[in-house]
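Engineer: Work out the full structure: start from the sequences and follow the hints.
First to last, the protein sequences are chains A and B. The opening position of the first sequence corresponds to residue 1 in our numbering, with each subsequent residue numbered one higher. The opening position of the second sequence corresponds to residue 1 in our numbering, with each subsequent residue numbered one higher.
I should point out that these hints are in silico values taken from the structure, not numbers from a laboratory. This one's a predicted model, so the numbers in the text were calculated from it and none came from an experiment. Every clue listed holds true.
A few chain B residues that face chain A, going by a derived Cβ cut-off under 7 Å, partial list only:
| id | residue |
| --- | --- |
| 1 | Lys171 |
| 2 | Val175 |
| 3 | Arg177 |
| 4 | Ala178 |
| 5 | Phe179 |
| 6 | Arg180 |
| 7 | Pro193 |
| 8 | Trp270 |
| 9 | Asp272 |
Computed cross-link-like contacts, SDA-like style, restricted to lysine to any residue with a CA-CA straight-line distance of at most 20 Å:
| id | chain 1 | residue 1 | chain 2 | residue 2 |
| --- | --- | --- | --- | --- |
| 10 | A | Lys72 | A | Asp176 |
| 11 | A | Lys120 | A | Leu96 |
| 12 | B | Lys171 | A | Arg126 |
| 13 | B | Lys171 | A | Thr87 |
| 14 | B | Lys171 | A | Leu128 |
| 15 | A | Lys120 | B | Glu271 |
For each residue, glycine too, the CB sits at the ideal point set by N, CA and C.
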Amino acid sequence: MLQLEHVSKTYPNGVHALENVTVDIPLGEILAVVGGSGCGKSTMLRAIAGLDPASSGRIMLNGDRITAPHEKIGIIFQEPRLLPWLTVAENVGFGLEDRPKAERRSRVAAALERVGLSDKADVWPRELSGGQAQRVAIARALAPRPEVLLLDEPFSALDAFTRADLQDHLLTLWADSRPTLVMVTHDVEEAVVLADRILVMRPRPGRIFEEIAADLPRPRDRQSAGFDFVKRRVLAALDRSLERSTITDAGHTAAEAGAGNWW
Amino acid sequence: MSLALMSISSEGSAENTGPKRPARRYLRPLVGLLLPVGLAAFWELAVYLGWSNGRLVPPPSVIYQTFAELAEAGELQYHAAATIWRVFAGFLCGVAAGTLAGAITGYSAWSHRVLDPTLQALRSIPSIAWVPLFILWFGIFEASKIILIAVGVFFPVYLGVMGAVMSVDRKIVEVGRAFRLSGFAMVRRILLPAVLPAYVLSLRAGLGLGWMFVVAAEFLGASTGLGFLLIDGQQLGKPAQIVAAIVAFAILGKASDALLAAAAAPFLRWEDRFAQH
Chain A
1 MLQLEHVSKT YPNGVHALEN VTVDIPLGEI LAVVGGSGCG KSTMLRAIAG LDPASSGRIM
61 LNGDRITAPH EKIGIIFQEP RLLPWLTVAE NVGFGLEDRP KAERRSRVAA ALERVGLSDK
121 ADVWPRELSG GQAQRVAIAR ALAPRPEVLL LDEPFSALDA FTRADLQDHL LTLWADSRPT
181 LVMVTHDVEE AVVLADRILV MRPRPGRIFE EIAADLPRPR DRQSAGFDFV KRRVLAALDR
241 SLERSTITDA GHTAAEAGAG NWW
Chain B
1 MSLALMSISS EGSAENTGPK RPARRYLRPL VGLLLPVGLA AFWELAVYLG WSNGRLVPPP
61 SVIYQTFAEL AEAGELQYHA AATIWRVFAG FLCGVAAGTL AGAITGYSAW SHRVLDPTLQ
121 ALRSIPSIAW VPLFILWFGI FEASKIILIA VGVFFPVYLG VMGAVMSVDR KIVEVGRAFR
181 LSGFAMVRRI LLPAVLPAYV LSLRAGLGLG WMFVVAAEFL GASTGLGFLL IDGQQLGKPA
241 QIVAAIVAFA ILGKASDALL AAAAAPFLRW EDRFAQH
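Structural biologist: The structure is reproduced here in structure tokens:
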């Protein structure tokens, strides 16, 4: 169980990025966080990762307080951030340095196999395409078998086709060990495809605006009525979070109007 | 049909590149010899035909003869060894100090503010200006020479390391933090490999300056070394000896630089570079 209790964050320059965020994320849940720019969603993720500690409040993982990077929490960034001086296999094994060599080798091989890049084990990162590099980054984050995996707009730099492919891929990988996924995204459709629950945040200061459950059966059909319904609800909530619309209900027109420019 | 075409064309290209490749690999560096060899041949011819008496600018054959004489007497080896040893010792000291100072000032903003202005001021002092002081402090023998060379090597290495450490990608460092690296592990697994390409460049720049400073050091009261051969040739009116010493410097400098570059190359294979040479 990952718990955020009254988490706030004020940066040294006075920006109030996060205000009193409380949320419980049970093990194995996929949580998507969406919201306009400056709503603190990345700040929240970085606080959970232990990279930028919260100014007040607590973040707890199974009763342990998180103040620094934790071995049970992995993170995938917007860019692959592979280390260019390590081969693909060495990158995947980066977090396994303290394990015995044989175990490291077998886990790297398994992780590469799972992302479909076994044949790239010995190449340099410069030789990979953007999608392949991000898959290596996913394998690197999953190789130490984290309990919580944080994803900071992980697919936003990829083309639409690769993105859909990697979303499916992520779900397959998630099904292996069912870690908790917390994913920040700009892409409402991505949130609805992946998440069990969607947090809509509102900016200045960043706080939770609305929680939307997306209990659709998996695998999800992007064309189904249920999918469309959840997507419209999220778009409408986003729209209201920015106070762009006077319609408070999840109205059709509000969603349509805000769909294009909510960020 | 298309398959057949493909196999034919691939066979053809294999035949074309197969025997050519190794030959080209060995011949390509030789292109660099065209210009100096051409100039030397021209001058040899000019002296041979009597266009010039070649007394002040001796032709290659005379230089070669001087080389041979010096080598036969064992003088060339003796003086070259003295110079190589000085450069080597000065280079090691300068690199050690430059790496340490560069790493500290690059890593910590506070020590950068404290140390860097002083070091930059020292850098702008012409190296020769140190010589009288170093002779007073360290005597006229090896110590003062090696320290002068070390000073020359220090600054390019210092600047290179400091700049490289300061410009390490924050995002890559963050990956290290996310994997709970700190202190020594962060240096070994993230910072060191990240600065390596710039470090090798600064070492090569430092080595070049080391060869420059060894001459300055040997001009001042040395009785051994290639720099001494230069002075000796001037005082005894032997231009061929001077040119021979200069050629020896060129060969040693180029060889040591190539050695350094070759030693570093296996560690830099990962670089995503524009230049292929």
